[in-house]
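Asker: Below are the chains, spelled out letter by letter.
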Amino acid sequence: MTLVRDTWLVFTRQVTIVLRNPVWLIVGIFQPLCFLLLFGPLLKGMPQLGGGNAYKVFVPGLLIQLAMFGTMFVGFALIAELRAGVIERMRVTPVSRLALLLGRCARDVLSLLVQSAILVALALPFGLDVRVGDLALAFAMLALIGLLFSSFSYGVALVVRSEDALAPLLNSVTIPLLLLSGILLPLTLGPAWLRAIARWNPFSWSVDAARALFAGDPGDPHVWKALVIVTVLAAVASVWSARRFATSVR
Amino acid sequence: MIKTAGLRKAFRSGKTTVEAVRGVDLDVGDGEIFGFLGPNGAGKTTTLRMLATLIRPDGGSALIAGVDLMHRPAEVRRRIGYVAQGGGTWEEVSAREELVYQGRLHRLSTAESRRRADAAIEAFQLGEFADRPCKTYSGGQRRRLDVALGVIHRPAVVFLDEPTTGLDPQSRAHMWTEVRRLREEGMTVFLTTHYLEEADALCDRVAIIDHGAIVALDTPAELKRQVAGDVVTLGLGAGVGPLSAELERQPYLRELERTAAGLRLVVEDGAVAIPQILRSVDAAAVPLTSIELHRPSLDDVFLARTGRSLRDSEQKS
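Going line by line, the protein sequences match chains A and B. Our numbering puts the first sequence at residues 1 to 250. Our numbering puts the second sequence at residues 251 to 567.
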């Protein structure tokens with residue numbers, strides 16, 4: 001019970017800090033908004049995208065991208081907190097070490113879901129339509145991806161402990177994952193070798209799953225497979241990061 | 251309250267090993283203000299961080315408020331408060347919010363945390379700015395909040411890492427008052443400092459640490475007495491000869507030297523010696539033009555024990 005209580009304590013404080021300085025929330029959603037408003041219209045005329053509603057293909061990809069990039073860089077805030085001595089102050093209290101991680105991840109997932117909801121709401125006038133149940137399933141997947149990347153980012157931050165090392169490290173992980181996930185354009189457009197590599201990218205499965213959900217096809221096998229994949233990955237990343245917290249924030 | 255034996259810590263960076271703390275033995279009493287004095291890099295902070303459960307000692311043992319540091323660090327945490335050199339508050343939140351939060355982190359109820367936050371704001375005089383975000387605070391205000399946060403759960407021992415470094419003289423005096431008040435409330439205070447005046451004025455006992463080892467440990471007065479004794483300088487008129495012969499016979503005298511203007515005496519304790527000196531001067535009917543007492547500073551102690559001045563080693567580092 002103390003874990004739940006401590007997690008809630010850490011979470012509410014982290015939410016307070018975001019709300020006091022919401023500019024980062026807005027900056028975080030600015031890039032996907034640009035893609036939606038400035039890149040999306042280009043796709044409308046492309047017959048390769050099924051000719052019909054290009055946004056049904058494009059918006060799910062943007063959401064996955066937001067989930068990856070929006071939470072990948074949360075480790076920077078942790079390094080700042082380490083430097084400010086905030087973490088050290090917590091360490092001399094009985095607060096649960098796991099809660100220090102989970103409370104932060106919960107904040108990151110919440111802000112991701114808020115950003116995603118804004119993005120979906122803004123895409124609706126362009127002709128995006130999706131069933132509530134399918135959307136909820138897609139958001140559950142987004143939450144898991146958010147948990148995966150934010151806990152990964154915190155774990156890496158605790159290992160490297162410097163912004164200079166964190167940025168290139170995270171970028172070299174995210175950029176190939178992003179390009180090989182078919183987020184911007186479906187990989188079906190690409191050559192066979194590219195598709196073969198992409199099959200090994202777990203997030204290309206997530207993108208396909210999100211597209212299936214927005215197409216109103218929750219029974220598509222991509223959906224359950226992607227959910228299993230991200231659940232396992234999120235669990236692995238959280239456990240790894242929790243271990244990092246337990247050892248370095250003893 | 252704090253008892254350590256052979257506390258050690260070495261840090262490896264690459265192939266070289268730096269022995270930051272090499273065998274520290276301490277015995278800090280209940281309700282004491284204990285000071286750790288030494289230049290930067292002497293091992294003060296490392297020792298403090300070991301005692302505050304933040305880094306694990308390589309060897310030795312420590313008992314803090316009756317709890318074994320090596321085997322039950324979580325138990326130790328419940329009994330101690332720790333204030334780091336750099337503080338540790340979020341810029342965006344206010345002192346009041348931080349105090350309540352800190353109470354909650356220590357597993358107090360929200361209502362009790364609020365009560366204690368109110369009390370701390372009153373006691374540490376934070377009222378003027380308690381509801382403004384921390385980023386607007388001055389150095390002294392921030393430091394007072396740091397200490398208030400460190401003691402919100404009323405620990406038996408509080409560790410303060412250089413509580414007054416970077417503060418102006420007024421804020422420093424203010425901090426000394428706060429530290430003394432903590433002791434009056436029954437806390438044992440363990441602090442590090444590289445200010446001689448601070449160790450002298452504030453601490454009941456001082457350990458002087460250099461290169462990771464304690465080179466002297468006692469009350470500031472006793473440390474200074476052991477080293478040099480007090481110097482009394484007398485400005486005298488004619489007839490010094492018989493007077494100095496008389497003074498030479500006194501038990502309190504350690505050294506006597508004739509100067510152009512009179513005499514320079516090294517005595518055990520100036521406060522005790524001066525009335526007796528004056529009586530001798532009076533009896534010898536030598537006109538007295540001036541009398542001056544110079545007590546040795548802790549810097550003299552540091553110099554005597556380490557062969558160099560603390561002020562010099564500060565400037566070099």
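Incorrect hints may appear among the rest.
Which bits of chain A does chain B cover? Going by a derived footprint, with three or more residues having C-beta under 8 Å, they are [stated by the list, open to error]:
| # | segment |
| --- | --- |
| 1 | 16-24 |
| 2 | 142-151 |
One side of the interface only, derived from the structure: several residues of chain B facing chain A at Cβ under 8 Å [what the hints assert, rightly or not]:
| # | residue |
| --- | --- |
| 3 | Leu313 |
| 4 | Gly337 |
| 5 | Ser344 |
| 6 | Tyr351 |
| 7 | Leu355 |
| 8 | Leu358 |
| 9 | Phe379 |
| 10 | Arg455 |
With the C-beta cut set under 8 Å, the calculated list includes, among others, these residues of chain B facing chain A [said to hold, decoys possible]:
| # | residue |
| --- | --- |
| 11 | Ala315 |
| 12 | Gly316 |
| 13 | Met320 |
| 14 | Ala324 |
| 15 | Arg327 |
| 16 | Arg329 |
| 17 | Trp340 |
| 18 | Arg354 |
| 19 | Ala361 |
| 20 | Arg364 |
Rather than coming from a laboratory, the hints here were simulated on the basis of the structure. Source: prediction; values computed, not measured. Positions of the beta carbon are idealized from the N, C-alpha and C atoms, including for glycine.
Asker: All hints are to be evaluated individually against the structure, with a verdict given for each.
Answerer: Here is what the structure says about each hint:
Check result for the segment 16-24 of chain A against chain B: holds, 4 residues qualifying (beta carbon to beta carbon below 8 Å, three or more required). Beta-carbon proximity to chain B at under 8 Å applies to 0 residues in the segment 142-151 of chain A; the threshold of 3 is not reached and the given coverage is violated. For Leu313 of chain B, the shortest C-beta to C-beta distance to chain A is roughly 18 Å, which exceeds 8 Å, and the interface hint is violated. A least Cβ separation of about 6 Å between Gly337 of chain B and chain A falls short of the 8 Å threshold, and the interface hint therefore holds.
Hint status for Ser344 of chain B: violated, given a least beta-carbon distance of 10 Å to chain A, over 8 Å. Hint status for Tyr351 of chain B relative to chain A: holds, with the closest Cβ pair at about 6 Å, below 8 Å. The interface hint given for Leu355 of chain B is met, as the beta carbon of that residue sits about 4 Å from the closest beta carbon of chain A, less than 8 Å. Look at Leu358 of chain B: its Cβ only gets to about 11 Å from chain A, farther than 8 Å, so that hint breaks.
Proximity of Phe379 of chain B to chain A is violated relative to the hint, the smallest CB-CB distance being about 17 Å (cut-off 8 Å). Annotation: Arg455 of chain B was flagged as interfacial toward chain A, and the flag is violated, the nearest CB pair being 24 Å apart, outside 8 Å. For Ala315 of chain B, the shortest C-beta to C-beta distance to chain A is roughly 14 Å, which exceeds 8 Å, and the interface hint is violated. Look at Gly316 of chain B: its Cβ only gets to about 17 Å from chain A, farther than 8 Å, so that hint breaks.
Violation of the interface hint for Met320 of chain B is found here, the shortest Cβ-Cβ separation to chain A being roughly 13 Å, above the 8 Å cut-off. Annotation: Ala324 of chain B was flagged as interfacial toward chain A, and the flag holds, the nearest CB pair being 7 Å apart, inside 8 Å. For the restraint placing Arg327 of chain B at the interface with chain A, the shortest Cβ-Cβ distance is roughly 6 Å, inside the 8 Å limit, so the hint holds. At a threshold of 8 Å, the smallest CB-CB gap from Arg329 of chain B to chain A is about 11 Å, leaving the interface hint violated.
Hint status for Trp340 of chain B: holds, given a least beta-carbon distance of 6 Å to chain A, under 8 Å. A cut of 8 Å between beta carbons decides the hint on Arg354 of chain B: the least distance to chain A is about 5 Å, and the hint holds. Taking 8 Å as the C-beta cut-off, the interface hint given for Ala361 of chain B is violated, the closest approach to chain A being about 15 Å. Here the hint on Arg364 of chain B is broken, as its CB sits about 14 Å from the closest CB of chain A, past 8 Å.
The structure does not agree with the numbered hints 2, 3, 5, 8, 9, 10, 11, 12, 13, 16, 19, 20 stated previously, though it agrees with the rest.
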